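J.: Please arrange chain B with the ligands on chain A, whose structure you already have, making use of the hints.
Taken in order, these protein sequences are the chains called A and B.
Counting from 1 along the first sequence, just add 204 to a position and that's the residue number in my numbering.
Counting from 1 along the second sequence, just add 204 to a position and that's the residue number in my numbering.
Please keep in mind that the hints were generated in silico from the structure rather than gathered at the bench.
Every value quoted in this text rests on a predicted model; they were computed, and no experiment measured them.
There could be a bad hint or two in this list.
Where chains are identical, the list cannot tell them apart; a pair therefore holds if satisfied intra-copy or between any two copies.
For lysine to aspartate or glutamate, the following EDC-like pairs were computed, each having C-alpha atoms within a straight-line distance of at most 20 Å [unchecked claim]:
no., residue 1, residue 2
1, K225, E517
2, K412, E517
3, K225, E336
4, K412, E303
5, K412, E383
There are 2 protein chains.
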Amino acid sequence: MSIYIDPAVAASLRGYEMPEKLGFGTVMAPVMFRAVCQDGCWSRGELIPYAPLSLDPAAKVLHYAQSCFEGMKAYRTRDGGISLFRPERNAARMAHSAERLCMPPVPESLFMDGVRTVTAYCANLVPANSGESLYLRPFLMGTQADLAVSASTSYEFYVIASPSEAYHSGNMRLWVEREDSRAAIGGTGDAKVGGNYAASLLSIARLKQRGYDQSLWLNAGNRQSVDELSGMNFFAVIDAELHTPALNGSILEGITRESLIELARDLGYQVRECAIDIDELLRRVADGSCEEAFACGTAAIISPISVLGDGGENYQLASAPGPVAERLRQALLDIQEGRTEDRFGWMQPVEVISLD
Amino acid sequence: MSIYIDPAVAASLRGYEMPEKLGFGTVMAPVMFRAVCQDGCWSRGELIPYAPLSLDPAAKVLHYAQSCFEGMKAYRTRDGGISLFRPERNAARMAHSAERLCMPPVPESLFMDGVRTVTAYCANLVPANSGESLYLRPFLMGTQADLAVSASTSYEFYVIASPSEAYHSGNMRLWVEREDSRAAIGGTGDAKVGGNYAASLLSIARLKQRGYDQSLWLNAGNRQSVDELSGMNFFAVIDAELHTPALNGSILEGITRESLIELARDLGYQVRECAIDIDELLRRVADGSCEEAFACGTAAIISPISVLGDGGENYQLASAPGPVAERLRQALLDIQEGRTEDRFGWMQPVEVISLD
Ligand SMILES: Cc1ncc(COP(=O)(O)O)c(C=O)c1O
Ligand SMILES: Cc1ncc(COP(=O)(O)O)c(C=O)c1O
Numbered sequence: 205m206s207i208y209i210d211p212a213v214a215a216s217l218r219g220y221e222m223p224e225k226l227g228f229g230t231v232m233a234p235v236m237f238r239a240v241c242q243d244g245c246w247s248r249g250e251l252i253p254y255a256p257l258s259l260d261p262a263a264k265v266l267h268y269a270q271s272c273f274e275g276m277k278a279y280r281t282r283d284g285g286i287s288l289f290r291p292e293r294n295a296a297r298m299a300h301s302a303e304r305l306c307m308p309p310v311p312e313s314l315f316m317d318g319v320r321t322v323t324a325y326c327a328n329l330v331p332a333n334s335g336e337s338l339y340l341r342p343f344l345m346g347t348q349a350d351l352a353v354s355a356s357t358s359y360e361f362y363v364i365a366s367p368s369e370a371y372h373s374g375n376m377r378l379w380v381e382r383e384d385s386r387a388a389i390g391g392t393g394d395a396k397v398g399g400n401y402a403a404s405l406l407s408i409a410r411l412k413q414r415g416y417d418q419s420l421w422l423n424a425g426n427r428q429s430v431d432e433l434s435g436m437n438f439f440a441v442i443d444a445e446l447h448t449p450a451l452n453g454s455i456l457e458g459i460t461r462e463s464l465i466e467l468a469r470d471l472g473y474q475v476r477e478c479a480i481d482i483d484e485l486l487r488r489v490a491d492g493s494c495e496e497a498f499a500c501g502t503a504a505i506i507s508p509i510s511v512l513g514d515g516g517e518n519y520q521l522a523s524a525p526g527p528v529a530e531r532l533r534q535a536l537l538d539i540q541e542g543r544t545e546d547r548f549g550w551m552q553p554v555e556v557i558s559l560d
Numbered sequence: 205m206s207i208y209i210d211p212a213v214a215a216s217l218r219g220y221e222m223p224e225k226l227g228f229g230t231v232m233a234p235v236m237f238r239a240v241c242q243d244g245c246w247s248r249g250e251l252i253p254y255a256p257l258s259l260d261p262a263a264k265v266l267h268y269a270q271s272c273f274e275g276m277k278a279y280r281t282r283d284g285g286i287s288l289f290r291p292e293r294n295a296a297r298m299a300h301s302a303e304r305l306c307m308p309p310v311p312e313s314l315f316m317d318g319v320r321t322v323t324a325y326c327a328n329l330v331p332a333n334s335g336e337s338l339y340l341r342p343f344l345m346g347t348q349a350d351l352a353v354s355a356s357t358s359y360e361f362y363v364i365a366s367p368s369e370a371y372h373s374g375n376m377r378l379w380v381e382r383e384d385s386r387a388a389i390g391g392t393g394d395a396k397v398g399g400n401y402a403a404s405l406l407s408i409a410r411l412k413q414r415g416y417d418q419s420l421w422l423n424a425g426n427r428q429s430v431d432e433l434s435g436m437n438f439f440a441v442i443d444a445e446l447h448t449p450a451l452n453g454s455i456l457e458g459i460t461r462e463s464l465i466e467l468a469r470d471l472g473y474q475v476r477e478c479a480i481d482i483d484e485l486l487r488r489v490a491d492g493s494c495e496e497a498f499a500c501g502t503a504a505i506i507s508p509i510s511v512l513g514d515g516g517e518n519y520q521l522a523s524a525p526g527p528v529a530e531r532l533r534q535a536l537l538d539i540q541e542g543r544t545e546d547r548f549g550w551m552q553p554v555e556v557i558s559l560d
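Pulled out of the complex, with its shape left as it was, chain A reads as follows (with noise of 0.2 Å):
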């Protein structure tokens, strides 16, 4: 199905000024990809400018929280061209989230087209400093106007871009949740939906107080081994093996995490993912067998931990950045922009639209 390019699209990105501070997730493209859906048929794509969303006050999203959505990225690569890293990954997540809470898949086709003209189009507001990239946030919402707690008959489909910074998190300090829980063992964990992002927002809060950057969370069935952490996989250095907590159905399954494992393989790396029991790791930190940890994920890629603050205590880790946190981030990243190989098949160029 061929996409509408809305004629309005062109001025929006001729008169878009770049702001110079761009921060992460903040500034927003000026133009949009959307697609809709009732009672199982989609219409076709159109590209859009940004704008306000109309929404009846009775919609399911907003009541219901029936929404799904990705994160992702568009790299400038070396040679000036631009490539989305893994994008049918993306789809495959989404369409596993969508059906976790009764929406209809955005098919792979239409989800593809959506980043790519997306992306096509807003090719100048990709920052080319390494690290920097076009954020991009393809979402899917219900949105029928309907108070009774059931599926929606109706949805959106959008994809927003946000043209960002590299993701510094520095070195992080996390807290051991062992109060609150993210997502249940048989919940929505292993899907990328809101409400786990709404559950984790308090201990977030309370831990920023104490003076720690995120939460580490637990397995809400046995609360003793490690999930992961709200945004990012969780993966620690143990006797030089990386450690990383297997797919356990309420942790998501990181397209970082799924990389990196990939390319430490390559690099020579053992690599076990397993159940890390929580004490276990403390212990390992506190001699030293457990020398490095970090976190994953599209924003930051790779962001080295320095503390596990756990009830009173602080776990210092020896190493942080560590020296495998270091060569795994310069590795992905050298394939994302372009600089080495893309050996795994990774990178997807897209056709960059001139509006002249």
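T.: Only chain B with the ligands this time, still in chain A's reference frame:
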């Protein structure tokens, strides 16, 4: 603070034609109440025509489900007046829900202004037959346009209303949900927030295909004791005593539940708030010592349960609707509709506003 009444409100109300078929939560009243909160400061409330909301595509509520709501009813009483049922309990619960998601609680006076003003102006839309009502839906959401996973700096509070028929659920066939979870221990189960409802949609869709009406959720911690339904609390009559799950942090503190406990005790029933083991409950249904079970909530007040389905088995309740459920339902509705003395002080009359 005085409430601003938009001059267009009168025309909206005068021009409104009530559809013949109401349903429940489907037909919307033509006006709504609105207030906004910026950096912790609340605007004054305003009554405005019901109209689509304008939301930035990056608004937090759409991505991170930072929203909560209430459900309550305005009843037409026997003397022709209009009353709200325990509205201050809804105000308190909404404040609790807001805090769980790091949102500024709506001040009780603003909440009361909202539900009273909408009710007062919509007096003509409160249907008059027993069981019918004006269903009120206050809700609060984070509107800041920013993709960071953090609490919004701006919020909007609305009260919308829906003239509704009696909510007839008949004798319900429940499915014991042993696979999915609705809310984790330490999660958001005791708050009325969107994510809980999103997480329950898939289970509801699955069980409808198998010929059931609603999920019976088990506690996500032990997956063994009964929590509640997706939108109602649970009661069983065992050996002539009422049993209902204790408030354990993962069930919603229902206002109907609380009122029924008080009413039942007043009528001479023993009421136990305790953990209800699902296997024990099914045994009791099978051997006849649990004759009756029902669910309760604002919408249906009391819905009798006729079957508990678990795996391949259907456990039939001997008596559905049962005498206890019938008696309690009538006693509560008699208070709500002003046919008996309001000896608990639950009803709050609303001064009706006449447009002429
Ligand atoms: C909860 C959660 N875990 C992990 C990740 C990392 O996933 P990805 O590497 O695909 O960005 C994210 C998103 O970035 C997330 O929101
Ligand atoms: C999950 C849940 N449990 C219980 C109830 C019952 O609460 P109330 O009696 O206050 O309506 C509701 C809402 O109606 C609910 O959504």
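J.: All hints, please: hold or fail.
T.: Here is what the structure says about each hint:
Taking the closest pair of Cα atoms, K225 and E517 never come within 20 Å of each other, the shortest separation being 37 Å inside a single copy and 62 Å across copies. Taking the closest pair of Cα atoms, K412 and E517 come within 20 Å of each other only inside a single copy of the chain (16 Å); across copies the shortest separation is 50 Å, beyond that limit. Taking the shortest alpha-carbon separations for K225 and E336, only the intra-copy value of 12 Å comes in at or below 20 Å, while the best inter-copy value is 56 Å. In the homo-oligomer, the alpha carbons of K412 and E303 lie at most 20 Å apart only across protomers (16 Å), although the nearest pairing inside one protomer, at 34 Å, exceeds that limit.
Proximity of K412 and E383 under a CA criterion of 20 Å is satisfied intra-copy only: 15 Å inside one chain copy versus 35 Å between copies.
This entry does not satisfy hint 1, going by the numbered hints stated previously; all others are met.
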